[in-house]
Amino acid sequence: MKELGGRLLFLDRNDINTDEIIPARYLNEDSKLALKPYLFEDLELPGFDRTTSLPGKRVVLSRANFGCGSSREHAPWALEANGIRVVVAESFARIFRRNMYNCGMLAAEVPARVVAELFDRFSGTDTELKVNLDSMLLRFEAKETGALEAPLSLGGFELAMLRSGGWLDFAATRY
Amino acid sequence: MGQTLAEKIFASHLVEMPFENTWVLKLDRVFCHEITTPIAIADLVERGVDRVFDPGRIKAVIDHVSPAKDSKTAEQGRALRLWARRQGIEDFFDIGRNGVCHAIFPEKGFVRPGYTLVMGDSHTCTHGAFGAFAAGVGTTDLEIAILKGVCAFGKPETFRVDLEGSLPAGVFPKDAILAVIAKIGVAGATNKVVEFRGPVVDAMSMEGRMTLCNMAVEAGGTSGVCMPDATTVDWLWPFIGPAGEGEFASKEEALADYSRWKSDDDASYAGRISLDCSALEPLVTTGYSPDNVVPLRTMRGTRIDQVYIGSCTNGRIEDLREAAAVLQGRTIHPQVRGIVSPATQAVYAAALEEGILETFLKAGFCVASPGCGACLGMSNGVLASGETCASTTNRNFSGRMGRGGMIHLMSPASAAAAALAGTLATAADVAKGLSAPEPAKQEGTK
Ligand code: SF4
Chain A
69 MKELGGRLLF
79 LDRNDINTDE
89 IIPARYLNED
99 SKLALKPYLF
109 EDLELPGFDR
119 TTSLPGKRVV
129 LSRANFGCGS
139 SREHAPWALE
149 ANGIRVVVAE
159 SFARIFRRNM
169 YNCGMLAAEV
179 PARVVAELFD
189 RFSGTDTELK
199 VNLDSMLLRF
209 EAKETGALEA
219 PLSLGGFELA
229 MLRSGGWLDF
239 AATRY
Chain B
610 MGQTLAEKIF
620 ASHLVEMPFE
630 NTWVLKLDRV
640 FCHEITTPIA
650 IADLVERGVD
660 RVFDPGRIKA
670 VIDHVSPAKD
680 SKTAEQGRAL
690 RLWARRQGIE
700 DFFDIGRNGV
710 CHAIFPEKGF
720 VRPGYTLVMG
730 DSHTCTHGAF
740 GAFAAGVGTT
750 DLEIAILKGV
760 CAFGKPETFR
770 VDLEGSLPAG
780 VFPKDAILAV
790 IAKIGVAGAT
800 NKVVEFRGPV
810 VDAMSMEGRM
820 TLCNMAVEAG
830 GTSGVCMPDA
840 TTVDWLWPFI
850 GPAGEGEFAS
860 KEEALADYSR
870 WKSDDDASYA
880 GRISLDCSAL
890 EPLVTTGYSP
900 DNVVPLRTMR
910 GTRIDQVYIG
920 SCTNGRIEDL
930 REAAAVLQGR
940 TIHPQVRGIV
950 SPATQAVYAA
960 ALEEGILETF
970 LKAGFCVASP
980 GCGACLGMSN
990 GVLASGETCA
1000 STTNRNFSGR
1010 MGRGGMIHLM
1020 SPASAAAAAL
1030 AGTLATAADV
1040 AKGLSAPEPA
1050 KQEGTK
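Chains as they are written, first to last, in the working numbering: chain A, 69 to 243; chain B, 610 to 1055.
Hints in this document: simulated from the structure, not taken from any laboratory.
It should be emphasised that the depicted structure is a prediction, and the values quoted were computed from it without experimental measurement.
Heads up, none of these hints are tricks.
Derived BS3-like pairs: lysine-lysine, alpha-carbon spacing no greater than 25 Å straight-line:
1) B:Lys-681 / A:Lys-100
2) A:Lys-104 / B:Lys-678
3) A:Lys-104 / B:Lys-681
4) B:Lys-678 / A:Lys-100
Working from the sequences, and respecting the hints, build out all of it.
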């Protein structure tokens, strides 16, 4: 199982699309690691600067419809190449969400009011997320603002993907 | 309780449900292109399972960057080419015989009512126009699809879109789908199949239905879908009739068989809208989201630098005819770069034969090779920062056609009008000879 959790990157917008996560011009790269320097290259968001915002971050927090657009699995790969294996958002585009689980990564949907509270209370702080799959809890914590817990709701498929490391290993033995 | 078309397809292709709400389906087709497939192939090779589940059910094309533009895209093309050869994939289409995946595969009759199919491409939803369940998937899903011929999906909920009335003159399927996306939003149909119904769809050609289904994903949809009918049978007839595989002796027989693949009247839907198309006018997107749609007339006078006519949305022969009718006998604005890319080699040949290419050439368009071209900003028509493109494609995301570029999505007729005017304009404006406002002076060097 992949390690899930860590420091948060706040991306305060709806509909962050796959072209913003990894532009098409890098789809000719032939390895996942080669995508590392290009993550969020075309993302323009107040307060976001790739060189300073990305290092050390392990989790993305965003709003609704994260990962809309293309089917490119390069989007989760580019995240993972940068150490990010968890995205917490209000909702996800179908293919992106599926790609995350297929790679054994966590796309956690939490209610809009929780997302709103996270942005209100934690933006600008050094926030850490702990993921507990046994108690199905997300725990966000920052020195300045204390902690916030949110239940994690996952189906059998999602849990199996996180535990087995992804769809390839699961399907290869089963079909 | 009746079933939707999607529910019928799921029920007939179910392999198992390993978890609640997880439907593993048997696939009738797996489509491949050179951008997302080579990584899947490399991984299969690395795992020591360089095989395919059935070479006859896999179809492959080099379409995104063709001709190759650099060493990296040349390697991607080669990886797909060599794989197709060693796996015995006969339906493999390379340069000179290729075209945009979502145009060439239907053209070859590979998609039939009731089919399940996946491809590593989000606009795979296009193929639902034939009454199929067609979904875009990532590389991992594609890898298993190639190897095992299965793919997993959530419960098949359907969002129903009734297109009522009829399309007025000068309003096209592209305008209708932009209106739908504007109404339900970019996530309005997430995890759902978008079912297009109603008199407007019934009257529409397969090309028009493909334009509708193509942009279902722009509303978050898993697949678009239209009910198979006589128009579907006509399109498929060369392949299913006696001249083809001989599956059916007559069109009536085919139609009767395909009527299995329709939603029941008492089927239940997860959402539903209806749109009176008679009230529609030409539309255009503004900003960086495909649901940001306004009447084209309100954007009149917006200066443009490039016009792009092509793609899996609007690069078929009907689209080229529609644009050529506006361009006929005119020349485009001197400050506009016009690019037309017929979606496939066959569309190119038809356009040549019908004199459409001549119209484009005389108007001052560059005729580019069949393929994805400028659509995703990987080749053939990338925008410079600050430039604006009137485009018949499906995505206006920031940076999509080149960093810092702005894309306005519209119908082929509207794109042709923009090329003539040098600014956004309707085809009616241009026909009336309405002088479009002078284009703004070019900004200083950047
Ligand atoms: S034409 Fe554009 S949207 Fe269609 S498959 Fe090619 S890149 Fe994708």
